[in-house]
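K.L.:
What follows is each chain in one-letter form.
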Amino acid sequence: MSGQSQYTPKSDFAKWLERRLPILGFVYDSFVAYPTPKNLNYMWTFGAILSFMLVAQIVTGIVLAMHYTPETTLAFDSVEKIMRDVNWGWVLRYAHANGASMFFLAVYIHISRGLYYGSYKEPREVLWILGVFIFMIMMATGFLGYVLPWGQMSFWAATVITNLFSALPVVGPSITTWLLGDYAVGNATLNRFFALHYLLPFIIVAVVALHVWALHVTGQNNPAGVEVKNVEKETVPFTPYATMKDGFAIGVFLVLYAWMVFFVPNYLGHPDNYIEANPLVTPPHIVPEWYFLPFYAILRAIPSKLLGVIALFASILILAALPWLDTSKVKSGSYRPQFRKAYWVFIAACVGLGYLGSQPAEGVFLWCARILTFYYFFHFLFILPWLSRNEKTEPEPESIEAAVNGRGVSHA
Amino acid sequence: MNTKADSSESRPEPSRRDILYVATGAAAAVAVGGVVWPLIAQMNPDASTRALASTEVDLAAVPAGQIITVKWRGKPVFVRHRTADEIKAAEGVDLKELPDPQPDNARVKKPEWLVVVGVCTHLGCIPTGKEGEFNGWFCPCHGSTYDVSGRIRSGPAPSNLEVPDYAFLTDTKIKIG
Numbered sequence: 001m002s003g004q005s006q007y008t009p010k011s012d013f014a015k016w017l018e019r020r021l022p023i024l025g026f027v028y029d030s031f032v033a034y035p036t037p038k039n040l041n042y043m044w045t046f047g048a049i050l051s052f053m054l055v056a057q058i059v060t061g062i063v064l065a066m067h068y069t070p071e072t073t074l075a076f077d078s079v080e081k082i083m084r085d086v087n088w089g090w091v092l093r094y095a096h097a098n099g100a101s102m103f104f105l106a107v108y109i110h111i112s113r114g115l116y117y118g119s120y121k122e123p124r125e126v127l128w129i130l131g132v133f134i135f136m137i138m139m140a141t142g143f144l145g146y147v148l149p150w151g152q153m154s155f156w157a158a159t160v161i162t163n164l165f166s167a168l169p170v171v172g173p174s175i176t177t178w179l180l181g182d183y184a185v186g187n188a189t190l191n192r193f194f195a196l197h198y199l200l201p202f203i204i205v206a207v208v209a210l211h212v213w214a215l216h217v218t219g220q221n222n223p224a225g226v227e228v229k230n231v232e233k234e235t236v237p238f239t240p241y242a243t244m245k246d247g248f249a250i251g252v253f254l255v256l257y258a259w260m261v262f263f264v265p266n267y268l269g270h271p272d273n274y275i276e277a278n279p280l281v282t283p284p285h286i287v288p289e290w291y292f293l294p295f296y297a298i299l300r301a302i303p304s305k306l307l308g309v310i311a312l313f314a315s316i317l318i319l320a321a322l323p324w325l326d327t328s329k330v331k332s333g334s335y336r337p338q339f340r341k342a343y344w345v346f347i348a349a350c351v352g353l354g355y356l357g358s359q360p361a362e363g364v365f366l367w368c369a370r371i372l373t374f375y376y377f378f379h380f381l382f383i384l385p386w387l388s389r390n391e392k393t394e395p396e397p398e399s400i401e402a403a404v405n406g407r408g409v410s411h412a
Numbered sequence: 001m002n003t004k005a006d007s008s009e010s011r012p013e014p015s016r017r018d019i020l021y022v023a024t025g026a027a028a029a030v031a032v033g034g035v036v037w038p039l040i041a042q043m044n045p046d047a048s049t050r051a052l053a054s055t056e057v058d059l060a061a062v063p064a065g066q067i068i069t070v071k072w073r074g075k076p077v078f079v080r081h082r083t084a085d086e087i088k089a090a091e092g093v094d095l096k097e098l099p100d101p102q103p104d105n106a107r108v109k110k111p112e113w114l115v116v117v118g119v120c121t122h123l124g125c126i127p128t129g130k131e132g133e134f135n136g137w138f139c140p141c142h143g144s145t146y147d148v149s150g151r152i153r154s155g156p157a158p159s160n161l162e163v164p165d166y167a168f169l170t171d172t173k174i175k176i177g
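Chains as they are written, first to last, in the numbering used here: chain H, 1 to 412; chain E, 1 to 177.
For reference, chain H alone in the conformation it holds in the complex:
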C-alpha cells in the first residue's frame, strides 16, 4: 500500500536499479508482499481472470489485425481468408470472438460480486466508478469489434447503434453523420471503427492501472465486509496465496473458454453474420450479442425513441451512483437479510431482461420487458435507498479474524 517499501534488493544490479527507478520494489509491494484479506472466496479471483482475458484479447487482436482489411469490399473476404488460409487463423479468430464473450461473462460475475458484498461503499467509491468506466469502454470495444467482420449483423448493429445518437434533439442527425463519416454506414465508418477498436483496449489498460492503484490504496473488500484491523493476523501475502489461487481459477476458467473455442465456437454467434453486409436488406431478426441483451431489452421497452435511448444509457450510468444510493453502513450482503433477497430478485430481473432482449419486441414479451425495466430502476432508486434506512441488519463480525473463527465454530 503506502509507506516504506518492504523490498530489500539483494543483487548489486537490483540495488543499482532500485536507487534509480524503484520498479522492483513497486512490483514486489504490489504483487508479492501486498496483504490480501485471508477470508477471500473464489469470487475474488475474477480480477485476475479479467486481467488475463484483457491480455488474451489484445494478443489475439493484434495478430488478427495483421491479416484483416478494414475496407468494405475486402473486409468480409479477409475474415474468411483468416478462417481458411491464414496459418492457425481459425483458432485465433475463434479465440478472439469467444474471448469477448468470456471477458463479459467474467466482468458480469466481477460486478455482481461487488454488488453483493458492497464493494462500492466507502472508501472504495472511486475504485468502483473506475470499474464502471472500464465496463463502458469494454462495451464500446465489443460493439466496434463486432462490426469489423462486415456481415449482415455487423452492418445492422452499426446502423442501429449509431442511430441511437440521432435521438438527440436538434444535433442528433448531424452527430450521427459525423460518427459515420457518410449518410449511411459505409467505408469511412468501417475504417474508423477498426482504428478505434484497436485503440480502446489500450485505454482499458490505462484505466485498469488506475483501478488497481485505487484498489491497492484502499485494500480489498472481503466477504465479511469489515476492514482489516490487524494486518498480521487477518491478511496473507499476495504471493504465494493469491497468485496460486488466481492461477488455479484462471485454469478452471480456461477449461470453459477452450471448450467454447474448440467445441462450440459459433454457439454464441449469429448465422446472419456469415452473410456479407447488404445495405439494402435488413435481416428479419436483429439481435445483439448476448452480453448486450439486457440493455437492448430496456431500449426497446420504452415506446419513445429519445426516452428509450436515455433509459439505455441511464441503466449503465446508474451503477456509478450506487455508493450514494445504497448508504447502509453494513457492506456485506451476508449480514443484510432483506438486501440479500432484493439482490437475487435483481439478478433474476437482469437475466429476465437478457432473455426478453433476445425475443421479438411484441405482445407479452414487450410487457414483461416494461415491467422488468421498471423494476431495474426501482431497485436502484427505491429499494436500495429504502433498505439503507429501514433494514434491520444482522450483527457484523467484529473483525475478519472473528468472522473466520465464527464460521469454524458454527460448523463444529
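No wet-lab data here; the hints were simulated from the structure. All of these numbers come straight from a predicted model, not from anything done at the bench. Note that CB positions come from ideal geometry on N, CA and C, so glycine has one too. Mixed in with the good hints there might be a few duds.
Just the calculated beta-carbon pair ranges, DEER-fashion [unchecked claim]: (1) E:96 x H:209: 58 to 68 Å; (2) E:172 x H:264: 48 to 58 Å; (3) H:19 x E:14: 48 to 58 Å; (4) H:175 x E:31: 20 to 30 Å; (5) H:175 x E:26: 24 to 34 Å.
Got chain H sorted already, so can you dock chain E onto it with the hints?
P.N.:
Relative to chain H, chain E alone:
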C-alpha cells in the same frame, strides 16, 4: 467586512503582465481550436461523398402497385407507384389518428408516385414493403408500421419516413437530391 465600493477601490489597476496573461491565453485558445478543428472535421463526409448526393430514376418501367428501391447517398429510397385504391386510403386518413400528422398531399408531388427514404426513423433499419397493418411498410427490427403514404402509424419510430428533395425532370423521370 469591506463594502463593495471599498473592494473595488482596493483592487489594483490591471498591470502590463495581466494583459499579457489574458492575451497569451486567448491566443493559445485560438491555436488549440485551430488544431482541434481538423481532427474533428475529418470525421464528417468529404466532398467526394457529398458529390454523390443525387440520383436520377426512370419511372416508365414501374407498373402501378410496384415499389422499387434505388440507392441514394448509400441509403435505399422507395419509389412506390400507388394504385387508385392506395391513393384513396392515404388521402382518406383522419389526421388526428396520426402520431406525426401530415396530409398525404404534402408528401407527394404527384399522387401516383410516393418517394420516401427507406430508412426507419427509429434506428435506421429498412422496412419491408406492403406489410404491416396499413399495407405500407413494416420494420422488422422493432415493429414500426407505416402506411401507404410512408407515415408512421404504430411502433417506436418517432416520425414519418423522410421525403427526400426530388424533382420531376420529365413525366417519367425524377432526380433525387
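K.L.:
Just tell me: holds or violated, for the beta carbon distance of residue 19 (chain H) and residue 14 (chain E) against 48 to 58 Å?
P.N.:
For residue 14 (chain E) against residue 19 (chain H), whose Cβ atoms are near 49 Å apart, the range 48 to 58 Å holds.
K.L.:
Do residue 96 (chain E) and residue 209 (chain H) keep their Cβ atoms within the hinted range of 58 to 68 Å?
P.N.:
holds (59 Å)
K.L.:
Using the C-beta atoms of residue 175 (chain H) and residue 31 (chain E), is the stated range 20 to 30 Å upheld?
P.N.:
With Cβ atoms ~26 Å apart, the hint holds.
K.L.:
Is it true that the C-beta distance of residue 175 (chain H) to residue 26 (chain E) lies inside 24 to 34 Å, as the hint says?
P.N.:
holds (29 Å)
K.L.:
For residue 172 (chain E) and residue 264 (chain H), compare the CB-CB distance with the range 48 to 58 Å and indicate the outcome.
P.N.:
Holds, at about 55 Å.
No hint from the list above goes unmet by this structure.
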